[in-house]
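Chains as they are written, first to last, in my numbering: chain A, 1 to 217; chain B, 1 to 217.
Just so you know, the hints here were simulated from the structure itself, not pulled from any lab data. Take these hints with a grain of salt, some might be off.
Which copy is meant is left open, so a pair is good if it fits within one copy or across any two.
Stated by the list, open to error - Cut-off 30 Å, straight-line C-alpha distance, at most; resulting in silico cross-link-like pairs (DSSO-like, lysine-lysine): (1) Lys172 x Lys209; (2) Lys209 x Lys27; (3) Lys84 x Lys172; (4) Lys205 x Lys125; (5) Lys211 x Lys146; (6) Lys143 x Lys27; (7) Lys146 x Lys172; (8) Lys209 x Lys84; (9) Lys172 x Lys211.
2 protein chains.
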Amino acid sequence: MDLDKKVSIAVVRRLPRYYRYLADLLKMDITRVSSKELSARMGITASQIRQDLNCFGGFGQQGYGYNVESLYNEIGNILGLNNKYQAIIIGAGNMGQALANYTNFEKRGFKLTAIFDVDPELIGKSINNIGIRDLETIDSYIKDNKVDVAMLCVPYEQTPIIADRVARLGVKGLWNFSPMDLELPYDVIIENVHLSDSLMVLGYKINQKLKNGKNKK
Amino acid sequence: MDLDKKVSIAVVRRLPRYYRYLADLLKMDITRVSSKELSARMGITASQIRQDLNCFGGFGQQGYGYNVESLYNEIGNILGLNNKYQAIIIGAGNMGQALANYTNFEKRGFKLTAIFDVDPELIGKSINNIGIRDLETIDSYIKDNKVDVAMLCVPYEQTPIIADRVARLGVKGLWNFSPMDLELPYDVIIENVHLSDSLMVLGYKINQKLKNGKNKK
Numbered sequence: 001m002d003l004d005k006k007v008s009i010a011v012v013r014r015l016p017r018y019y020r021y022l023a024d025l026l027k028m029d030i031t032r033v034s035s036k037e038l039s040a041r042m043g044i045t046a047s048q049i050r051q052d053l054n055c056f057g058g059f060g061q062q063g064y065g066y067n068v069e070s071l072y073n074e075i076g077n078i079l080g081l082n083n084k085y086q087a088i089i090i091g092a093g094n095m096g097q098a099l100a101n102y103t104n105f106e107k108r109g110f111k112l113t114a115i116f117d118v119d120p121e122l123i124g125k126s127i128n129n130i131g132i133r134d135l136e137t138i139d140s141y142i143k144d145n146k147v148d149v150a151m152l153c154v155p156y157e158q159t160p161i162i163a164d165r166v167a168r169l170g171v172k173g174l175w176n177f178s179p180m181d182l183e184l185p186y187d188v189i190i191e192n193v194h195l196s197d198s199l200m201v202l203g204y205k206i207n208q209k210l211k212n213g214k215n216k217k
Numbered sequence: 001m002d003l004d005k006k007v008s009i010a011v012v013r014r015l016p017r018y019y020r021y022l023a024d025l026l027k028m029d030i031t032r033v034s035s036k037e038l039s040a041r042m043g044i045t046a047s048q049i050r051q052d053l054n055c056f057g058g059f060g061q062q063g064y065g066y067n068v069e070s071l072y073n074e075i076g077n078i079l080g081l082n083n084k085y086q087a088i089i090i091g092a093g094n095m096g097q098a099l100a101n102y103t104n105f106e107k108r109g110f111k112l113t114a115i116f117d118v119d120p121e122l123i124g125k126s127i128n129n130i131g132i133r134d135l136e137t138i139d140s141y142i143k144d145n146k147v148d149v150a151m152l153c154v155p156y157e158q159t160p161i162i163a164d165r166v167a168r169l170g171v172k173g174l175w176n177f178s179p180m181d182l183e184l185p186y187d188v189i190i191e192n193v194h195l196s197d198s199l200m201v202l203g204y205k206i207n208q209k210l211k212n213g214k215n216k217k
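Using the sequences plus the hints, can you model the full thing?
As structure tokens, then:
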């Protein structure tokens, strides 16, 4: 299977969802699934599913469907979930603390090794057994430790400055929670989380439903 | 313009991003923009942009481009941002507190009116001037007040139970932060936020870059 083939980012963004659904099927001891059944569960058309999964090579078999376990493992491989990434959180406010308590990330290959903040009240404390360090010490921490990902939970105005600082230090990826499309002139991968985008989609759906005066999902 | 035309959810999900970019252009006093310029800024192909915006009627004009302000307003209308939704947060842990402090939502038409929790230490306190109430009182609160959206920041196991409870009480939309695809047999719109999906996409991109040993965004 040619994994180096260029896959569209729209397909990549759907893979975590396939991965979660397949995990549910595995838990229920379901060993095979057709694109039609996946379609009914996921609300994606069967043809879209076949097209998506074909991008990565022919996992399915006509009349048999997909082998749940092998499809699950393949998608995990494609997403690189077997890789181990070391991650730090910058900003131990509510969002940073919420992330530090969110144990699901470790299952996805992301291990939290440190948290940084500027607040003397917080420095020295721990969240979920991870110590909060002084942001002043981040340069030497990143130099001495292999840090792959920085999760940025800092105030809006500080975000580009801190992002710039850690990108220069060689962090490979930034996961940004400030409501901005962060861009940097460095060789760093940025994934921006826009919570209000999802809220706007919810508003759109409510609006459509009110207009149509009938059920619509 | 026929707004009732069925628009694919994939297009709808891109609209908040257009909306944010156009807001940036407005701030810079830019009055018109071509699909090509939008494409360069947003990393979406110009043809995809034209196709997306055509779904809602012909905003663009050949050789002139799009009028930034009118496109911005139209997308805001389509998203229903002029509607006012009353929202409550259920669960005043870190994620609930992060959302309560996130003032951006009000700009998107969502007004936070109450927060609910079960913890006696939290009940009676306020976050961002919104009082935390006893979850026991939520039924009468929803009956007495117009609540459009409940933001669910409760523990994983509690999520389906509380979702069911507020859906029965007539809340129109649920914004769910537990890592599950919540589904209910009622007439309620659910938007699930899967933070780790976004993290997996970041991992994928880092993995691709390491494999290719060259810049890739």
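How would you label the pair Lys172, Lys211 (within, between, both, or neither) given a Cα cut-off of 30 Å? between (46 Å within a copy, 13 Å between copies)
Check Lys205 against Lys125 for me: Cα-Cα at most 30 Å, and say if that holds within a copy, between copies, both or neither. Close neither inside one copy (42 Å) nor across copies (33 Å); limit 30 Å.
Is it within, between, both or neither when you check Lys143 against Lys27 at 30 Å Cα-Cα? Neither: 41 Å inside a copy, 38 Å across copies.
Classify it for me, Lys146 with Lys172: is the Cα-Cα distance of at most 30 Å met within a copy, between copies, both or neither? Within. Shortest intra-copy distance 10 Å satisfies the 30 Å Cα cut-off; inter-copy 46 Å does not.
With identical chains treated as interchangeable, where does the CA-CA distance between Lys84 and Lys172 reach 30 Å or less: within a copy, between copies, both, or neither? Cα proximity of Lys84 and Lys172: one copy only (13 Å, versus 41 Å across).
At 30 Å max between alpha carbons, let me know whether Lys209 reaches Lys84 within a copy, between copies, both or neither. between (43 Å within a copy, 15 Å between copies)
How would you label the pair Lys172, Lys209 (within, between, both, or neither) given a Cα cut-off of 30 Å? Classified as between: cross-chain Cα gap 9 Å, same-chain 42 Å, threshold 30 Å.
Within, between, both or neither: Lys209, Lys27 at alpha-carbon 30 Å: neither (34 Å within a copy, 32 Å between copies)
For Lys211 vs Lys146, is the C-alpha pair at or below 30 Å within one copy, between two copies, both, or neither? Result: close only across copies, 18 Å inter versus 53 Å intra.
Checked against the numbered hints above, the structure breaks hints 2, 4 and 6 and satisfies the rest.
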